[in-house]
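S.K.: Listed below are the residues making up each chain.
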Amino acid sequence: GESVGLHLPTLSVQEGDNSIINCAYSNSASDYFIWYKQESGKGPQFIIDIRSNMDKRQGQRVTVLLNKTVKHLSLQIAATQPGDSAVYFCAETGGTSYGKLTFGQGTILTVHP
Amino acid sequence: DSGVTQTPKHLITATGQRVTLRCSPRSGDLSVYWYQQSLDQGLQFLIQYYNGEERAKGNILERFSAQQFPDLHSELNLSSLELGDSALYFCASSVRSGGTEAFFGQGTRLTVV
Chain P
1 GESVGLHLPT
11 LSVQEGDNSI
21 INCAYSNSAS
31 DYFIWYKQES
41 GKGPQFIIDI
51 RSNMDKRQGQ
61 RVTVLLNKTV
71 KHLSLQIAAT
81 QPGDSAVYFC
91 AETGGTSYGK
101 LTFGQGTILT
111 VHP
Chain H
114 DSGVTQTPKH
124 LITATGQRVT
134 LRCSPRSGDL
144 SVYWYQQSLD
154 QGLQFLIQYY
164 NGEERAKGNI
174 LERFSAQQFP
184 DLHSELNLSS
194 LELGDSALYF
204 CASSVRSGGT
214 EAFFGQGTRL
224 TVV
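Residue numbers (the numbering used here), protein chains in the order written: chain P, 1 to 113; chain H, 114 to 226.
In isolation and in its complexed conformation, chain H is listed as follows (with noise of 0.2 Å):
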């Protein structure tokens, strides 16, 4: 167990919809980032916040929004839903702004149909 927390596991919606993915990242952490991971294109990075401020962007489309708040928990919010973003979402933490060491959490399914 990485101490990152992810709801829901799983999320099936329709195009068109739009979805909100939460992360707990560990206690003490600071930093949260977002990554998509989906067969065509890999582990990608999406956004990074750092003590409530966005500190990192990724190519994360503009449909896409997330933000940290002051307990520091994490949402990814995903709008206007197409069959491409079917995808896993991963939250990570760490307690500082980069560094190598990013503990994952168990990532939510994604499904558009």
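Here chain P stands alone, though its shape is the one from the complex (with noise of 0.2 Å):
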């Protein structure tokens, strides 16, 4: 869906703890669906992906879950670190829209010490 950088969620964790960042996308035509990471004065750095028919894809200390009947992402990160601090955003490519990747509106995480 279109992106809303005001106002944007935002979740806060204590170090060690495991995170969840939720993302509602809304074109089921979507062959591919992405979390990017992006840190304060950064670019967007990819984390994940997940191919839309699978539904769960794990990576190093991230999990990515899919769930296409209520068109929902999440990123689970284990054992939180203070330099994951960013922000989250998911994305989806393919079908019509290959070529180019469609952000979501993007998650505050917080990690503290």
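By construction, these hints were calculated from the structure, which means they are not laboratory data. Treat the hints with caution; some may be incorrect.
What the hints assert, rightly or not - Far from chain P by the CB rule (all over 12 Å, computed), these chain H residues:
(1) G129
(2) T133
(3) G141
Claimed, not checked - Subject to a maximum C-alpha distance of 30 Å in a straight line, what follows is the list of computed DSS-like cross-link-like pairs (lysine-lysine):
(4) P/K71 to H/K170
(5) H/K170 to P/K68
(6) P/K71 to P/K42
(7) H/K170 to P/K42
(8) H/K122 to P/K42
(9) P/K42 to P/K56
(10) P/K56 to P/K68
(11) H/K122 to H/K170
(12) P/K71 to P/K56
What you are looking at is a predicted structure, and each value in this text was computed from that prediction instead of being measured. Ideal Cβ positions, reconstructed from N, Cα and C, are used throughout, including at glycine.
Using the hints, put the two standalone chains together into the complex.
M.R.: Here it is in structure tokens:
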């Protein structure tokens, strides 16, 4: 869906906790769903992606879950660290949107030591 | 460091003026993407080039244009600037057209006064 920068959702966690960041998407025709991380003063950085025919994918300390029934995507970060503090964006691509990433609004994650 | 270089990092200009933002993709990447990040619209796809050819277009204003040169660097031209054009402009690159993992530069912060 379209991004709205104002009033981003926020999530505050303690170091060592697990974090779950959620995203609702709108385009059922997308082939891939992706998570990007944007630290202050930097460009977005790829974290992990999942193909539309999968419902779970694991990376290093991260897991992405896809629920196509309710058009919901989540990113789970295990043992969250202060360095994980950033804005997290979900994105989608493929289908009629091949060649571009459509970003969601973003969630601000703050990790307290 | 993503390997994508954007210049300048900051740009302040007056309304009605024209500016050119420059992007050097990662070595070997053929695709270049331009995104605009503003407070009210979030991250928005503008345009994609692949090996010198325009491949995909987003909601890019007619006052904006881009090109990719034979050496694969790209320029985004913004003309008749308005206050609302103030934003962060990101360039990203990838090896192939489309896909999920794009490497973003650090952005050019444009301020129109």
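S.K.: Does each hint fit the structure? Answer for all of them.
M.R.: Cross-check of the supplied hints:
The beta carbon of H/G129 sits about 26 Å from the closest Cβ of chain P, which is more than 12 Å, so the claim that it is off the interface holds. With a minimum CB-CB distance of about 19 Å to chain P, H/T133 clears the 12 Å threshold, and the non-interface call stands. Every C-beta of chain P lies more than 12 Å from that of H/G141, the closest at about 17 Å, which supports listing it as non-interface. Annotation: proposed proximity of P/K71 to H/K170 holds, straight-line Cα distance about 25 Å (limit 30 Å).
Pair hint H/K170 plus P/K68 holds up; C-alpha atoms about 27 Å apart against a cutoff of 30 Å. For the suggested pair P/K71 and P/K42, the alpha carbons sit about 29 Å apart, so the restraint of at most 30 Å is met. Annotation: proposed proximity of H/K170 to P/K42 holds, straight-line Cα distance about 24 Å (limit 30 Å). A threshold of 30 Å between alpha carbons decides the hint, and for H/K122 with P/K42 the separation of about 11 Å falls inside it, so the pair holds.
For the given pair, P/K42 sits about 28 Å from P/K56 by alpha-carbon distance, which is consistent with the 30 Å threshold. With a CA separation close to 11 Å, the supplied pair P/K56 and P/K68 stays within the 30 Å bound. Distance check on the hinted pair: H/K122 and H/K170 sit about 24 Å apart at the alpha-carbon level, within 30 Å; holds. This hinted pair checks out: P/K71 and P/K56 have alpha carbons roughly 14 Å apart, not beyond 30 Å.
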